[in-house]
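Numbered per my numbering, the sequence shown spans residues 1 to 306.
Think of the hints as simulated: they come from the structure by calculation, not from any bench. Do not take every clue at face value.
[Said to hold, decoys possible] Computed cross-link-like contacts, DSBU-like style, restricted to lysine-lysine with a CA-CA straight-line distance of at most 30 Å:
id, residue 1, residue 2
1, Lys-179, Lys-246
2, Lys-227, Lys-105
3, Lys-124, Lys-15
4, Lys-282, Lys-105
5, Lys-234, Lys-124
6, Lys-188, Lys-282
7, Lys-124, Lys-93
8, Lys-17, Lys-36
9, Lys-234, Lys-188
10, Lys-227, Lys-124
11, Lys-36, Lys-98
12, Lys-105, Lys-93
13, Lys-17, Lys-246
14, Lys-234, Lys-159
15, Lys-25, Lys-105
16, Lys-17, Lys-105
17, Lys-98, Lys-15
18, Lys-282, Lys-98
19, Lys-282, Lys-93
20, Lys-36, Lys-93
21, Lys-164, Lys-98
22, Lys-20, Lys-246
23, Lys-302, Lys-246
24, Lys-179, Lys-234
25, Lys-159, Lys-36
26, Lys-282, Lys-20
27, Lys-25, Lys-124
28, Lys-98, Lys-124
29, Lys-15, Lys-25
30, Lys-179, Lys-164
31, Lys-234, Lys-164
32, Lys-17, Lys-124
33, Lys-28, Lys-15
34, Lys-17, Lys-28
35, Lys-36, Lys-164
36, Lys-250, Lys-188
37, Lys-20, Lys-30
38, Lys-15, Lys-105
39, Lys-17, Lys-30
40, Lys-250, Lys-302
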Amino acid sequence: MINYVGYACINEHLKPKTFKSCRLKTIKEKGLVYLKNIILHNLDFTYEILNWNLNHGIYLYRLTSDLMPLVTHQEVLEMGEWRWYEDEEIAIKLETIKTLVQENKVRLSMHPDQFTVLNSNRSKVVEASLEYLEYHARLMHAVGGQDIIIHVGGVYGEKAAAMKRFVDQYNLLSPNIRKLLRLENDDKSYSILDVLEISEETGVPVVFDYHHHRCLTDGVVTTDLIKRIERTWKNSVPKMHISSGKSSVKDRSHSEYISSEDCQAVVAFYQDCQVDVMIEAKMKDRAALRFLAEVEQVREAKTNKE
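Using the sequences plus the hints, can you model the full thing?
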């Protein structure tokens, strides 16, 4: 049964208003006050998006990792003693978002970029990844978020060794990160079965990306597979990602909307358990609303047949 449906970061309906970003050079020229004002704008806009979502029946949302641009960059940290998590104005806005999230049972997630690689064979990459995950965990705690989704990482010529490095590094993570971390299958290296193997060693919940599954494997989804994924979440509602290929089923590029066939497939997969569905389509909120409408049509058609 599909529970929540959501989308990532950008709201198409609210354009041209959007999040602000900045370059390191600009921060160095204009100072930390400039960076702080960008963060305040982004937090205000996040609150606006969340309210829009609630008014349209959307209770799942992915925060942009660039909500606070470059705050973990070493050169920014060396510019002064100011830290975003110690700033009173920022704290007030974060608490306002957290209150909205908790009162309305919104599920917030974040998805650090591809440079977050815990199983890297380079210590500097791992160290940077840990710092970036600490930022995400601190931010998620401040806004009442629930999920930080990452991929396993690279293969480095020896997949078994790379998977073991991930397991070893995961076991060294701080409790603050571990309680939020989720592991997603990718479309090039690590299948859903690989991710489940890691989960069984670490206890990390598994986010199933159906499109990645199709791109990397034969795309078959069995009841046993769904149940196995569900068990990794214990008492929490599982989360999955869905996108449709732009030109074909195995096209890694995302289309603007989720196809009717994919919508029907997801409904069929989760007949016997709950799931929250993150829409990864170019039209963002518009795609989420269309998906919600199609899910309702599928349910009505099933009811009429019965």
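Results for each hint:
1. For the suggested pair Lys-179 and Lys-246, the alpha carbons sit about 35 Å apart, so the restraint of at most 30 Å is broken.
2. A hinted pair counts as satisfied when its Cα atoms are at most 30 Å apart, and Lys-227 with Lys-105 qualifies at roughly 25 Å.
3. For the given pair, Lys-124 sits about 38 Å from Lys-15 by alpha-carbon distance, which is inconsistent with the 30 Å threshold.
4. For the hint linking Lys-282 to Lys-105, the alpha-carbon distance of about 26 Å falls within 30 Å, and the restraint holds.
5. This hinted pair does not check out: Lys-234 and Lys-124 have alpha carbons roughly 34 Å apart, beyond 30 Å.
6. A distance of roughly 21 Å separates the Cα atoms of Lys-188 and Lys-282; the hinted pair therefore holds under the 30 Å criterion.
7. A hinted pair counts as satisfied when its Cα atoms are at most 30 Å apart, and Lys-124 with Lys-93 does not qualify at roughly 33 Å.
8. At roughly 19 Å between alpha-carbon atoms, Lys-17 and Lys-36 fall within 30 Å of each other, so this suggested pair holds.
9. Simply put, Lys-234 and Lys-188 have alpha-carbon atoms about 28 Å apart, close enough for the 30 Å limit, and the pair holds.
10. Restraint check: the Cα-Cα separation between Lys-227 and Lys-124 comes to about 38 Å, which exceeds 30 Å; the hinted pair is violated.
11. Annotation: proposed proximity of Lys-36 to Lys-98 holds, straight-line Cα distance about 19 Å (limit 30 Å).
12. Straight-line distance between C-alpha atoms of Lys-105 and Lys-93 comes to about 18 Å, which keeps the hinted pair within the 30 Å bound.
13. Restraint check for Lys-17 and Lys-246: satisfied, since their Cα atoms lie roughly 27 Å apart, inside the 30 Å limit.
14. With a CA separation close to 28 Å, the supplied pair Lys-234 and Lys-159 stays within the 30 Å bound.
15. At roughly 39 Å between alpha-carbon atoms, Lys-25 and Lys-105 are farther apart than 30 Å, so this suggested pair is violated.
16. A C-alpha spacing of about 26 Å is found between Lys-17 and Lys-105, which places the hinted pair at or below 30 Å, so the restraint holds.
17. As the CA atoms of Lys-98 and Lys-15 are separated by approximately 24 Å, the hinted pair is consistent with the 30 Å bound.
18. Of the pairs offered as hints, the one joining Lys-282 and Lys-98 holds, with about 27 Å between alpha carbons and a cut-off of 30 Å not exceeded.
19. Between Lys-282 and Lys-93 the CA atoms are separated by roughly 29 Å; this keeps the pair inside 30 Å, and the hint holds.
20. With a C-alpha separation of about 12 Å, the suggested pair Lys-36 and Lys-93 falls inside the 30 Å cut-off, and the hint holds.
21. Note on Lys-164 and Lys-98: the hinted pairing is violated, with a Cα-Cα distance of about 36 Å set against a maximum of 30 Å.
22. A distance of roughly 28 Å separates the Cα atoms of Lys-20 and Lys-246; the hinted pair therefore holds under the 30 Å criterion.
23. Annotation: proposed proximity of Lys-302 to Lys-246 holds, straight-line Cα distance about 28 Å (limit 30 Å).
24. Between Lys-179 and Lys-234, the direct Cα distance comes to roughly 13 Å. Compliance with the 30 Å bound is thereby established for this hinted pair.
25. At roughly 42 Å between alpha-carbon atoms, Lys-159 and Lys-36 are farther apart than 30 Å, so this suggested pair is violated.
26. Proposed proximity of Lys-282 and Lys-20 is supported: the alpha carbons are some 19 Å apart, at most 30 Å.
27. With a C-alpha separation of about 23 Å, the suggested pair Lys-25 and Lys-124 falls inside the 30 Å cut-off, and the hint holds.
28. Pair hint Lys-98 plus Lys-124 does not hold up; C-alpha atoms about 33 Å apart against a cutoff of 30 Å.
29. For a cut-off of 30 Å, the pair hint linking Lys-15 to Lys-25 stands: about 27 Å separates their Cα positions.
30. Of the supplied pair hints, the one linking Lys-179 and Lys-164 holds, its CA atoms being roughly 20 Å apart against a limit of 30 Å.
31. Proximity of Lys-234 to Lys-164 is assessed by CA-CA distance (about 23 Å); at most 30 Å being required, the pair is judged to hold.
32. Straight-line distance between C-alpha atoms of Lys-17 and Lys-124 comes to about 37 Å, which puts the hinted pair past the 30 Å bound.
33. Proposed proximity of Lys-28 and Lys-15 is supported: the alpha carbons are some 29 Å apart, at most 30 Å.
34. Straight-line distance between C-alpha atoms of Lys-17 and Lys-28 comes to about 25 Å, which keeps the hinted pair within the 30 Å bound.
35. For the hint pairing Lys-36 with Lys-164, the CA-to-CA distance comes to about 40 Å; that exceeds 30 Å, so the pair is violated.
36. Taken as a hint, the Lys-250 and Lys-188 pair is honoured in the structure, with Cα atoms around 11 Å apart against an allowance of 30 Å.
37. Proposed proximity of Lys-20 and Lys-30 is supported: the alpha carbons are some 15 Å apart, at most 30 Å.
38. Under the criterion of a C-alpha separation no larger than 30 Å, the hint pairing Lys-15 with Lys-105 is consistent with the structure, at around 26 Å.
39. For a cut-off of 30 Å, the pair hint linking Lys-17 to Lys-30 stands: about 23 Å separates their Cα positions.
40. In summary, the hint linking Lys-250 to Lys-302 is supported, as the alpha carbons are separated by about 28 Å, within the 30 Å threshold.
Taken one by one, the earlier hints fail for this structure at numbers 1, 3, 5, 7, 10, 15, 21, 25, 28, 32, 35, listed in ascending order.
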